[in-house]
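Chain by chain, the residues:
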Amino acid sequence: DTGVSQNPRHKITKRGQNVTFRCDPISEHNRLYWYRQTLGQGPEFLTYFQNEAQLEKSRLLSDRFSAERPKGSFSTLEIQRTEQGDSAMYLCASSTWDSRAFFGQGTRLTVV
Amino acid sequence: GQQLNQSPQSMFIQEGEDVSMNCTSSSIFNTWLWYKQDPGEGPVLLIALYKAGELTSNGRLTAQFGITRKDSFLNISASIPSDVGIYFCAGVYNNNDMRFGAGTRLTVKP
Chain A
1 DTGVSQNPRH
11 KITKRGQNVT
21 FRCDPISEHN
31 RLYWYRQTLG
41 QGPEFLTYFQ
51 NEAQLEKSRL
61 LSDRFSAERP
71 KGSFSTLEIQ
81 RTEQGDSAMY
91 LCASSTWDSR
101 AFFGQGTRLT
111 VV
Chain B
1001 GQQLNQSPQS
1011 MFIQEGEDVS
1021 MNCTSSSIFN
1031 TWLWYKQDPG
1041 EGPVLLIALY
1051 KAGELTSNGR
1061 LTAQFGITRK
1071 DSFLNISASI
1081 PSDVGIYFCA
1091 GVYNNNDMRF
1101 GAGTRLTVKP
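Going down the list, the protein sequences come from chains A and B. Start counting the first sequence at 1; every next residue gets the next number (this note's numbering). Start counting the second sequence at 1001; every next residue gets the next number (this note's numbering).
Source of the hints: derived by calculation from the structure; they are not laboratory data. A few of these clues could be false.
To be verified - Some chain B residues judged to face chain A by a derived CB distance under 8 Å, without partners named:
id : residue
1  : Gly1016
2  : Asp1038
3  : Glu1041
4  : Val1092
Using N, Cα and C, we set each Cβ at its ideal position, and we do this for glycine too.
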């Protein structure tokens, strides 16, 4: 089964450090999404790629956040100078044109 | 942005009972999606709806795309303990902008 894969599953980091997460989408999916989810809330949209083009970014995505999808395959989400408020589950999803998005298991970030 | 209001926030039901939950918005969506999420895991897609009025089933789950395109409903019949979890609706706007409700937490008592 080649579903959406996210690494790492868990990350604990000290405040001020940089972290990078990776997402490997389902291979034939051209669309890739990043979401952030805090306890008791629904996923909040962060950014969206169609192939390698980053077509939309949420206002939630401050200058400390950057996402890439080189060659339209895997994607990385980097958070610089982490803050305690960045602690959350970071979810990646991919889809084809039909918008049926399939999610990975997420990366849980804890900033201490 | 497009706000989705999902209700109820939580439900406590007896095994075997039917469940209904809904999602409403002030905005029109092109697609409605329903997901289930277990603790510590990513959401799992249950049903996708593409046309106003569409009614789609997946086993004991049935979902409908509202006529106004501003709402959607999910029904679960004859609930079982493994139905426990958080159910999210998601509306897709403009074929790529996918927004989520806050979820309905379902508890099933055996």
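Quiz item: Holds or violated: is the Cβ of Val1092 (chain B) closer than 8 Å to a Cβ in chain A?
Solution: holds, 5 Å
Quiz prompt | Asp1038 (chain B) as an interface hint toward chain A, with CB separation required under 8 Å | solution = Since chain A brings no Cβ nearer than about 10 Å to Asp1038 (chain B), farther than 8 Å, the hint is violated.
Practice problem: Classify the hint on Gly1016 (chain B) as holds or violated, based on whether any CB of chain A lies nearer than 8 Å to its CB. | Solution: violated, 28 Å
Self-check item: Closest C-beta approach of Glu1041 (chain B) to chain A relative to 8 Å, hint status
Solution: holds, 6 Å
In summary, the structure is inconsistent with hints 1 and 2 from the numbered list given earlier, while agreeing with the others.
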